[in-house]
Amino acid sequence: MVATPFFPEHEQVNTGDPRVVEIRLEVEEKEIEIAPGVFMWAFTFNGSVPGPIIVVHEGDYVEMTLVNPSSNELLHNIDFHASAGALGGGSLTQVGPGQEVVLRFRATKAGAFIYHCAPGGTMVPWHVVHGMNGAIMVLPREGLRDPAGNPISYDRAYYVGEQDYYLPRGENGDLSAMTVHPRRWPTASRIRHLIGGHGDYVWERGGFSSPPAVDLETWVIAAGSAGASIHTIRQPRTYAYLSHNLIEAFVFDAKAIWSPRENGTTT
Amino acid sequence: MVATPFFPEHEQVNTGDPRVVEIRLEVEEKEIEIAPGVFMWAFTFNGSVPGPIIVVHEGDYVEMTLVNPSSNELLHNIDFHASAGALGGGSLTQVGPGQEVVLRFRATKAGAFIYHCAPGGTMVPWHVVHGMNGAIMVLPREGLRDPAGNPISYDRAYYVGEQDYYLPRGENGDLSAMTVHPRRWPTASRIRHLIGGHGDYVWERGGFSSPPAVDLETWVIAAGSAGASIHTIRQPRTYAYLSHNLIEAFVFDAKAIWSPRENGTTT
Amino acid sequence: MVATPFFPEHEQVNTGDPRVVEIRLEVEEKEIEIAPGVFMWAFTFNGSVPGPIIVVHEGDYVEMTLVNPSSNELLHNIDFHASAGALGGGSLTQVGPGQEVVLRFRATKAGAFIYHCAPGGTMVPWHVVHGMNGAIMVLPREGLRDPAGNPISYDRAYYVGEQDYYLPRGENGDLSAMTVHPRRWPTASRIRHLIGGHGDYVWERGGFSSPPAVDLETWVIAAGSAGASIHTIRQPRTYAYLSHNLIEAFVFDAKAIWSPRENGTTT
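Residue numbers (my numbering), protein chains in the order written: chain Z, 1 to 267; chain F, 1 to 267; chain C, 1 to 267.
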């Protein structure tokens, strides 16, 4: 696995037998820098917020090892929205510092799904807002399809997660240089818009077994969930993928900027 | 009719002639207990919040008698989102204490629809947040269909409504034992997630004449509206159907827990 | 072009060659009256909030002249969500007072799309909440279609935009007679409901190339985006098209009232 926003190398079509895909997720409780000079005590999967994207095909088995190193202080677990039963695996994976656990589940549904720590009660939002969330993309074995059933594919893929940090601010409204703990929790759905582009194909709720919507300007990703979209970039310029709740985008920085180059690479 | 979360007995397919379905809704202004030791002065349909679920088939006539007993203090009425014209019936059903009224409308659209008190102006949100809302499910005469048009059915049905109560809290943040009146109104769409399960079929906006989305982890029910979903429970364990805005779920208790048993019954 | 809520005269089906549609948008910084006796300093396209609706067909070219008169004080530009590249035109259209610019783009996607001023950084939400937003409807050349692919049409069309104004209030909660500047920005998706009617056909995300949902009571327009819906009015009475977040509708006035007459005209 690789750190976000990048994807591991993967095939889009995989018509062979189901595989067992081994994943190792290590919980790291550590300080991260979320803006220049602004540090936060975070809980992470493999060191990044959000955690790494996992890619499998429908019918594959995910065999995840969840490691909670003895240097940590808290109990953690994992709830895979891609799995069924046992609270998404949450009731089978609770591990204290110094413990690890192996969970195997079958990815029976095609789509984009969240995973997150869910150790119970108010600790659920508390751990999530400290950074413990990521996503898994379960591709149909035959690959993605447009509304008419024709195969579609992508040249490259990125994983962008919107994370709410609730941070104290100085008197002038600035985030000063300090170490902070998040204090509150996510509150709303995310409105996504690609400035200067369209969602040529959008799976707003993440389910690849329903036909994608086409040609959208803006769409809504439900809070605490994952969706997927395909964009055709027609001009090598700067694009912003942002919350079209514009205050979130421009005051609270809920935006991702990328610059596709003419040669197909991206900065 | 039976109290929520239960459904009245009903046929899923009804290819006979349209029926006249008689419904009696009595407004009860009374104190209810919404958490252990916490009482609120509520306005209810038939004593529960939300009010009872009504089930008819497309083309049936709903003949509702709305009773406002003389023991009440306020004007009430009812706006059926399943009906057309006359403000959903609101302009024909306003009754004072000691009055009753009969409204007949035809359920011309298949889907899940809200009903609620709507006596005008700021009294609309005021009565709704005091508890005066419920839902009607208008089934297609031929029953529900998957996206390919094949018939689908369910073994049992439950009605879960999310209700915002805006309650004063003590200095320590707890709801202490007291009688309270709601003070504010609903503010956002509801993000639904079934922990450990999937929405095998989801009518996010409630309309049964559009194909359901399939295999979702999470979906969005619009504020003040109704949707429907079918879940296949594969393991007799505890499930939580909750807001996946996790602060709403775990701090403000926007969750419903149920435990399907191996023998098919539910606690 | 005509002022909202009215549409310019247009054909719904246009199977001829693509046209060049010339549009002139003039930015007016001026005081407007948003409630009786309540005035606000606004930034407008052609004097109204929202700006005028533009109607073209898929494949047409929009040739817009954006005029920033010398009587204005600020830089403005325009981001068309209907266009691709160059930040929706935003990076090509920045004009200071006394300047004008011509932008031509091709409407390659069918749907309802927002346009808005986006001069960069926190000025983006600042200009939008002062009033600088509108919409363009790009009709399919063959006209609109129901989910089965059959043509559908409308008798008349209106454009209703919900605009958040964040206004200071007096001690008693009233908006007193005063001139105000907006202070904050939009925060959530809009839940739409037509009291006493249904969305017979709803393009919730605006894309006309996906089949519309049918027979909805309520739907969600993403913040900062446009959708479209067709309603069949069966009774000449008063209807309210409003936010079904009822506090927004009845306390913050997020509603539009109209009264279709028997003769087909509207007040």
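Be careful, since some hints might not be right.
Intra- or inter-copy, both count: the list cannot distinguish identical chains.
Here are the simulated DMTMM-like pairs of lysine to aspartate or glutamate, each with C-alpha atoms no more than 25 angstroms apart in a straight line [claimed, not checked]:
(1) LYS255 / GLU162
(2) LYS255 / ASP164
(3) LYS30 / ASP60
(4) LYS30 / ASP155
(5) LYS30 / GLU142
No wet-lab data here; the hints were simulated from the structure.
Okay, the hints, checked on the actual structure:
no., hint, result
1, LYS255 / GLU162, "both (8 angstroms within a copy, 24 angstroms between copies)"
2, LYS255 / ASP164, "both (12 angstroms within a copy, 22 angstroms between copies)"
3, LYS30 / ASP60, "neither (33 angstroms within a copy, 54 angstroms between copies)"
4, LYS30 / ASP155, "neither (34 angstroms within a copy, 48 angstroms between copies)"
5, LYS30 / GLU142, "neither (40 angstroms within a copy, 57 angstroms between copies)"
The structure shown violates the earlier hints numbered 3, 4, 5.
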